[in-house]
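Those protein sequences? They're chains A and B, same order as listed.
Just so you know, the first sequence maps onto residues 0 to 310 in numbering that gives the first Met the number 0.
Just so you know, the second sequence maps onto residues 0 to 156 in numbering that gives the first Met the number 0.
If you're looking for bench data, these hints aren't it; they were derived computationally from the structure.
Some hints could be false.
Stated by the list, open to error - List time: in silico SDA-like cross-link candidates among lysine to any residue, alpha-carbon distance up to 25 Å:
no.	chain 1	residue 1	chain 2	residue 2
1	A	Lys282	A	Val263
2	A	Lys300	A	Thr287
3	B	Lys151	A	Glu165
4	B	Lys34	A	Thr148
5	A	Lys277	B	Phe106
6	B	Lys149	A	Ser124
7	A	Lys282	B	Lys35
8	B	Lys35	A	Ile142
9	A	Lys95	A	Lys282
Now for the letters of each chain:
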Amino acid sequence: MRNSFLQITKGIFVFTLLVGMISACQSDGKKSSKTEEEKLVESASQPIDQQMMEDFNKSKLIFYSLPSPLETAMLIKRSGARYDEEILNPISNVTKYNTNLKMALNLGIYSADLSYTSLFDQTQSTIQYMACAKKMAEGLSIIDAIDETTIKKLEDNMNNRDAVMEIISETFMNSNAYLKENDRPTISVMVLVGGWVEGLYLASSLTNGSMENNKRLVDRIIYQKLSLITVMNLLESHSNNEDIQYLHGKMSELKSIFEQVKIVNTSKVESETDATNKVTTIKADSETHMSEEVFNNLLKKVKEIRSEFVS
Amino acid sequence: MKHRLNSRLSGILMFFAFLLTFSTCLNAQCLSFAKKIGKPKLENFVHDGNYNATILGAGETAELYKTFFANQKYRIALSKIESLPNIHFRLIDEDNNILFDNKNHGFVDVWDFQVESTQMLVIKLKVLDDYNDSNGDNKGCISVLFGIEKEKKKKRN
Numbered sequence: 000m001r002n003s004f005l006q007i008t009k010g011i012f013v014f015t016l017l018v019g020m021i022s023a024c025q026s027d028g029k030k031s032s033k034t035e036e037e038k039l040v041e042s043a044s045q046p047i048d049q050q051m052m053e054d055f056n057k058s059k060l061i062f063y064s065l066p067s068p069l070e071t072a073m074l075i076k077r078s079g080a081r082y083d084e085e086i087l088n089p090i091s092n093v094t095k096y097n098t099n100l101k102m103a104l105n106l107g108i109y110s111a112d113l114s115y116t117s118l119f120d121q122t123q124s125t126i127q128y129m130a131c132a133k134k135m136a137e138g139l140s141i142i143d144a145i146d147e148t149t150i151k152k153l154e155d156n157m158n159n160r161d162a163v164m165e166i167i168s169e170t171f172m173n174s175n176a177y178l179k180e181n182d183r184p185t186i187s188v189m190v191l192v193g194g195w196v197e198g199l200y201l202a203s204s205l206t207n208g209s210m211e212n213n214k215r216l217v218d219r220i221i222y223q224k225l226s227l228i229t230v231m232n233l234l235e236s237h238s239n240n241e242d243i244q245y246l247h248g249k250m251s252e253l254k255s256i257f258e259q260v261k262i263v264n265t266s267k268v269e270s271e272t273d274a275t276n277k278v279t280t281i282k283a284d285s286e287t288h289m290s291e292e293v294f295n296n297l298l299k300k301v302k303e304i305r306s307e308f309v310s
Numbered sequence: 000m001k002h003r004l005n006s007r008l009s010g011i012l013m014f015f016a017f018l019l020t021f022s023t024c025l026n027a028q029c030l031s032f033a034k035k036i037g038k039p040k041l042e043n044f045v046h047d048g049n050y051n052a053t054i055l056g057a058g059e060t061a062e063l064y065k066t067f068f069a070n071q072k073y074r075i076a077l078s079k080i081e082s083l084p085n086i087h088f089r090l091i092d093e094d095n096n097i098l099f100d101n102k103n104h105g106f107v108d109v110w111d112f113q114v115e116s117t118q119m120l121v122i123k124l125k126v127l128d129d130y131n132d133s134n135g136d137n138k139g140c141i142s143v144l145f146g147i148e149k150e151k152k153k154k155r156n
């Protein structure tokens with residue numbers, strides 16, 4: 000009797016474990032509730048072919064792709080912004096972080112900083128910031144994402160920006176993948192949020208508080224309103240975690256300011272495909288508006304949140 | 000009795016360890032799949048570093064939300080394990096306008112996109128299920144990677 004009870008218990012345990020593991024493989028972006036984007040898609044009046052819509056209504060997997068630290072650094076560089084070492088999270092701060100939340104946020108933050116330094120060919124700083132990212136990754140027990148070989152590869156390619164970007168992108172993917180695939184998606188979300196906030200902080204600091212100095216950069220900041228929707232959805236899909244709830248609160252504060260920023264498509268979105276060169280151009284006119292007051296509030300809020308993250 | 004309980008417990012723990020290793024190995028294959036099969040398709044575009052890969056089967060779907068920034072050229076590279084049918088993907092805007100459909104281009108898996116004004120767009124993808132899948136449980140890694148065009152090098156005088 001006791002034997003069969005034990006066997007049943009064991010069976011249930013193993014079955015639960017198996018189901019848990021299989022779902023963990025695919026649960027990174029699972030739909031848990033209707034997101035703002037889903038509502039947008041569902042509320043659209045234009046019919047799309049029925050079969051495809053039915054398929055996607057059954058869809059179980061969603062990826063929320065935030066601009067990565069590398070993409071954000073590229074956007075900053077291409078807007079004509081300069082390099083300013085003073086605004087980075089000091090490397091001396093690296094010893095301060097000892098909770099999962101702080102280590103994850105600062106893995107994202109140091110990844111953004113090292114992307115920024117690399118795009119401006121600040122090779123020594125890139126190596127130092129990679130070492131900081133490595134320390135954070137080690138603290139989070141992310142195995143093999145950044146190791147001594149990575150640092151050595153960086154040192155060997157110091158004068159080759161393309162190779163340096165390649166190394167940075169690889170380490171970011173390694174950390175991201177390791178966390179997602181080892182059933183730690185919440186830590187992965189914290190890293191992404193840390194990196195995104197740092198990108199926003201760098202961009203907003205580089206405006207020097209003026210909307211006129213670099214209009215392209217201000218434009219990039221305005222459009223982060225769209226990425227913030229993705230950030231919120233990403234956080235909402237893991238909302239049962241306390242640290243995620245804290246981040247959701249912070250991002251909601253930012254959202255209430257971004258809600259006063261207007262982005263409007265003034266024409267229909269159309270596309271033009273060049274099949275020979277395999278490229279599609281999406282054409283749409285859009286207008287944006289942000290008042291001086293909202294801009295200042297946004298800068299202040301970003302600074303406040305970022306200070307909290309790096310403290 | 001105590002000995003038998005201990006041996007059962009260690010059996011369970013060993014099974015747990017096996018499952019954990021098995022599951023990690025399966026997943027790790029998706030990372031190495033994305034690196035070895037997906038990334039080279041980006042060619043001279045810089046991979047943005049985001050990892051979008053998972054295990055899907057025939058007929059299953061996924062969606063990816065991404066902000067495309069103006070004046071950047073993006074390359075999307077979809078990859079799947081050989082035994083899976085083709086992947087059908089569409090790029091749509093918030094009003095459900097289909098901006099690109101790879102069905103019209105022989106289910107091509109690599110395409111470039113550029114936007115004139117920054118837009119949040121959705122990539123909807125489906126592993127086709129019109130294949131003769133003998134056992135009906137064909138599943139495997141798929142990856143969706145994005146590359147960004149590098150800055151053109153300025154000529155030095």
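> What hints, given by number in increasing order, does this structure fail?
Replying inline: When the structure is compared with the hints, numbers 7 and 9 turn out to be violated.
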